[in-house]
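Could you put together the complete structure from these sequences and hints?
Letter by letter, the sequence shown follows residues 16 to 201 in the working numbering.
Hints may contain errors.
Pair by pair, the computed Cβ-Cβ distance ranges are [said to hold, decoys possible]: (1) N86 x A63: 22 to 28 Å; (2) T32 x A70: 32 to 38 Å; (3) S28 x M51: 23 to 29 Å; (4) R52 x H96: 31 to 37 Å; (5) R38 x V137: 18 to 24 Å; (6) T32 x H96: 32 to 38 Å; (7) D109 x P55: 24 to 30 Å; (8) R23 x G107: 49 to 55 Å; (9) N191 x M51: 31 to 37 Å; (10) A123 x M51: 26 to 32 Å; (11) G71 x P45: 35 to 41 Å; (12) A63 x R103: 23 to 29 Å.
Quick list of in silico lysine-lysine cross-link-like pairs, DSS-like style, CA-CA up to 27 Å [to be verified]: (13) K100 x K110; (14) K151 x K65; (15) K67 x K151; (16) K91 x K65; (17) K100 x K37; (18) K67 x K110; (19) K67 x K37; (20) K65 x K110; (21) K37 x K91; (22) K110 x K151; (23) K65 x K100.
Source of the hints: derived by calculation from the structure; they are not laboratory data.
The model shown is predicted, which means the values in this text are computed figures rather than measured ones.
Even glycine gets a Cβ: it sits at the ideal position worked out from N, Cα and C.
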Amino acid sequence: MTGYLHYRDYQMSRVLTPEERKRWRDTTMPVQERMMRMDPREVINPVALKMKARAGLSFDDVVQSLTLRANRLNLKYVGTHALWKDFRAVLGDDKAPRVEVLSFCDIALAREMLRVIPELVVFMPCRVAVMEDADKAIWVLMLDWDITWLEHAGKAAGMAPELRRSVLGIREKMENVMRAAANGDL
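Take a look at the structure:
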């Protein structure tokens, strides 16, 4: 894949000055102001893809289905953060729900994305959370990688077609993994 627009492969974008960051924030302020008036839950909800696990599945069943499906789709498992254990050990909170964040990586896609936009590394690896809610229902959640909104930016905001296909492909894989976990599929 060739560089994105006028950049060389793996070329980091320039560092923005504090003034440029402020100008960017000021430019986006109308949207930010509307979001500031919203309930924070309603701001985050649209970017969180979530599925409720089928009744009767245990937390461990969901995690096992998740990791098995990811493996079948060639998503490399790169780690887990069992937040609930830290809540207990560090904060002494034994009432917090069980929540684990599992990380996966499609290394071929990661290379292509970083070749084009190195700053995307801040979104890597792909994470899927498994979490109990207040009613002890189990949920599977991830950041929604749906980039179809770029179509409104015109020509997919200049994104190379192969990168666009790859990003949509990782979303499809991750959603497949989530659905398998929520259904308890092995």
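Results of checking the hints against the structure:
no.: 1; hint: N86 x A63: 22 to 28 Å; in the structure: 24 Å, holds
no.: 2; hint: T32 x A70: 32 to 38 Å; in the structure: 53 Å, violated
no.: 3; hint: S28 x M51: 23 to 29 Å; in the structure: 27 Å, holds
no.: 4; hint: R52 x H96: 31 to 37 Å; in the structure: 33 Å, holds
no.: 5; hint: R38 x V137: 18 to 24 Å; in the structure: 21 Å, holds
no.: 6; hint: T32 x H96: 32 to 38 Å; in the structure: 34 Å, holds
no.: 7; hint: D109 x P55: 24 to 30 Å; in the structure: 26 Å, holds
no.: 8; hint: R23 x G107: 49 to 55 Å; in the structure: 51 Å, holds
no.: 9; hint: N191 x M51: 31 to 37 Å; in the structure: 35 Å, holds
no.: 10; hint: A123 x M51: 26 to 32 Å; in the structure: 39 Å, violated
no.: 11; hint: G71 x P45: 35 to 41 Å; in the structure: 47 Å, violated
no.: 12; hint: A63 x R103: 23 to 29 Å; in the structure: 25 Å, holds
no.: 13; hint: K100 x K110; in the structure: 11 Å, holds
no.: 14; hint: K151 x K65; in the structure: 15 Å, holds
no.: 15; hint: K67 x K151; in the structure: 11 Å, holds
no.: 16; hint: K91 x K65; in the structure: 21 Å, holds
no.: 17; hint: K100 x K37; in the structure: 39 Å, violated
no.: 18; hint: K67 x K110; in the structure: 21 Å, holds
no.: 19; hint: K67 x K37; in the structure: 39 Å, violated
no.: 20; hint: K65 x K110; in the structure: 23 Å, holds
no.: 21; hint: K37 x K91; in the structure: 38 Å, violated
no.: 22; hint: K110 x K151; in the structure: 11 Å, holds
no.: 23; hint: K65 x K100; in the structure: 22 Å, holds
In the structure shown, a violation is registered for the earlier hints numbered 2, 10, 11, 17, 19 and 21, in ascending order.
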